[in-house]
Amino acid sequence: MSDDNDFLRVTDVSKWYGDEKVLEDVSFEMDRGDVTVLIGPSGSGKSTMLRCVNRLAEAQEGSILLDGEEVLSPDLDVDELRREVGMVFQGFNLFAHLTAVGNVALGPRRVLGLSETEARERAEAQLERVGLGEQFDSYPAELSGGQQQRVGIARALAMEPKLMLFDEPTSALDPELIGEVLEVMHGLVDEGMTMLVVTHEMSFAREVADEIVFLDDGRVVERGPPEQLFDRPEEERTGRFLERIASHD
Amino acid sequence: MASATRPAAVRERVADADRSVGRLLLVAAGALFWGWLVVSWVNRWLGGVIVPVGQPLVPPGAVEATFGAIPGLAAYAADAAFVVELTPELSRGTWLTVVITAVSLFVGFLMAVPLAVSRVYGRFSAWISLGYTELLRGTPLLAQLFVLYYGLNLASYVPGAFSGVFARDVVWVAIVGFTLNGAAYQAEYIRGALESVEEGQITAGRAIGLSKLETIYYVVLPQGLRYAIPSWTNEFVYLIKYSSLAAFITVPELYYRADQIASETFRYTLIFVVTGVTYLALVLTASKLMEGVEDRVAIPGLGAEREE
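So the protein lines, in turn, are chains R and F.
For the first sequence, counting from 1, position 127 maps to 127 in this note's numbering; every step adds exactly one.
Position in the second sequence (first residue = 1) + 249 = this note's numbering.
Careful, some of the hints might be misleading.
Straight line, CA to CA, 20 Å or less: simulated SDA-like cross-link-like pairs of lysine to any residue [claimed, not checked]:
(1) F:Lys461 x R:Leu81
(2) F:Lys490 x F:Tyr438
(3) F:Lys461 x R:Arg110
(4) R:Lys21 x R:Leu72
(5) F:Lys461 x R:Asp75
(6) F:Lys461 x R:Val208
(7) F:Lys490 x R:Leu81
(8) F:Lys490 x F:Glu447
(9) F:Lys461 x R:Asp79
(10) F:Lys461 x R:Pro74
(11) F:Lys537 x F:Gly525
(12) R:Lys162 x R:Val208
(13) F:Lys461 x F:Glu447
No wet-lab data here; the hints were simulated from the structure.
Only a predicted model underlies this, so the values are computations on that prediction, with no experimental measurement involved.
Please build the complete structure, drawing on both the sequences and the hints.
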């Protein structure tokens with residue numbers, strides 16, 4: 001099953017909240033090392049789709065194969081899955097009672113079972129990696145939004161995930177702080193990290209994405225490489241969405 | 250009006266000085282109170298190394314003479330001597346009050362945390378927790394003590410390891426009663442605090458692969474318990490005072506001893522004023538202690554910072 005061509009295969013995923021269908025037959029695939037960016041208007045289901053991949057949201061229909069394993073299987077150990085899939089949140093969600101190092105070390109210490117020292121070393125290394133070598137012992141409230149989000153990324157990376165999910169990682173940031181987060185994400189792309197990203201940062205998407213998936217109303221309207229999707233969209237809705245986004249920039 | 254004409258800096262310095270004088274007086278009173286108590290207890294435990302057991306630390310006669318010599322205080326000389334005479338009995342009673350409160354609060358806390366967690370995050374266990382909390386909070390504490398003492402005759406079932414720790418096993422009945430009751434109240438305070446922990450904290454915990462229980466233990470509780478400290482302190486303070494109900498099941502704690510001396514001497518006002526001041530000193534100690542704890546465990550940005 002797990003050949004390199006279908007590292008992540010999402011097939012006909014549907015999800016309802018009550019009577020409301022928020023995802024309808026969503027399908028896309030990713031290779032190892034790919035960067036796929038989900039775009040679409042708010043409420044289009046892109047964040048929900050992302051959360052289905054690590055089971056923070058439950059899809060009712062369809063299949064999500066990660067490295068050959070069915071993510072939606074009721075027998076799957078979700079904690080095991082989440083160990084291997086890192087997630088970065090729009091609102092950072094840093095553990096408010098822990099320092100930067102404490103935030104990053106918690107997973108390695110308590111989930112992976114590393115010793116206190118090993119976990120701390122790993123946390124420090126990850127914080128260095130996102131450029132926060134000076135902020136080891138700062139609490140979240142003492143960090144800027146951009147710094148907090150970089151801690152959030154380090155926290156996910158410390159688990160050595162095989163897939164990283166980014167849920168609008170820059171949407172809650174002041175414009176001048178967006179750059180530092182995107183820079184860290186660029187670095188991850190260069191290192192070959194497999195990334196599934198929900199974002200409104202179209203220039204970032206154009207630069208790094210292997211594929212763009214445009215969702216609207218819970219459906220995939222159009223997908224393809226950025227040049228095609230941005231420059232020659234086949235669907236009218238895609239074009240209108242991109243125009244609206246562009247006029248906001 | 251006079252102060253309004255002074256420069257702000259001067260006003261501030263005067264206020265600072267007032268505050269530090271107040272603090273100094275409070276510390277001095279606290280030191281006298283606890284010094285007297287602890288020395289009395291040690292004297293009793295060591296079989297009267299300082300003064301014979303049952304005697305006040307300072308001879309009442311000397312107190313009376315000192316007061317008598319100071320104009321203006323002379324009228325209170327006899328009362329002062331009488332109060333000093335009470336101190337051995339009252340300090341004995343205070344020991345039990347302190348121990349009963351401390352043990353009940355501690356064991357009650359160990360019960361309250363799982364009760365609160367069940368209530369907030371459990372399914373079936375939430376109902377059990379709710380039932381327990383409502384039953385214990387909804388019935389009079391005195392009735393609960395009576396059920397334990399008269400109804401269940403708990404005093405005669407005290408296990409060997411515990412029996413004899415106190416002069417009378419009924420002390421354990423009081424501790425059980427206050428523990429069960431206090432746990433319900435503490436659980437309510439802690440529940441409220443847990444509910445104020447942001448949902449995103451749990452999501453983040455689950456997202457790195459912590460189980461639900463692990464997330465509660467490593468993420469929710471460290472935050473929630475910090476939030477809970479100010480309101481939880483209420484329960485600490487209440488329990489100090491409610492522990493006086495133990496007198497009604499014959500536990501010889503502070504209130505019991507005060508009541509006994511009063512009914513022998515008929516000096517009700519004086520005795521209960523002194524007893525009241527003793528409870529007040531315990532309560533102030535508890536709230537100062539918890540303020541200290543709150544400061545010690547404070548984390549930048551977590552919870553409302555208390556105003557200085």
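The hints, checked one at a time:
1. F:Lys461 x R:Leu81: With Cα atoms ~14 Å apart, F:Lys461 and R:Leu81 stay inside 20 Å; holds.
2. F:Lys490 x F:Tyr438: Roughly 18 Å between the alpha carbons, so the hint for F:Lys490 and F:Tyr438 holds.
3. F:Lys461 x R:Arg110: Within the cut-off at roughly 13 Å; holds.
4. R:Lys21 x R:Leu72: holds, 18 Å
5. F:Lys461 x R:Asp75: Holds: F:Lys461 and R:Asp75 sit about 17 Å apart, inside 20 Å.
6. F:Lys461 x R:Val208: violated, 35 Å
7. F:Lys490 x R:Leu81: Violated. F:Lys490 to R:Leu81 sits at ~52 Å, over the 20 Å cutoff.
8. F:Lys490 x F:Glu447: Given that 20 Å is the threshold and the Cα spacing comes to 34 Å, the pair is violated.
9. F:Lys461 x R:Asp79: It holds: about 9 Å lies between the C-alpha atoms, which stays within 20 Å.
10. F:Lys461 x R:Pro74: Measuring from Cα to Cα gives roughly 17 Å; hence the hint holds.
11. F:Lys537 x F:Gly525: Measuring from Cα to Cα gives roughly 18 Å; hence the hint holds.
12. R:Lys162 x R:Val208: At roughly 18 Å apart (the allowed maximum being 20 Å), R:Val208 and R:Lys162 satisfy the hint.
13. F:Lys461 x F:Glu447: Cα-Cα ~15 Å, so holds.
Taken one by one, the earlier hints fail for this structure at numbers 6, 7 and 8, listed in ascending order.
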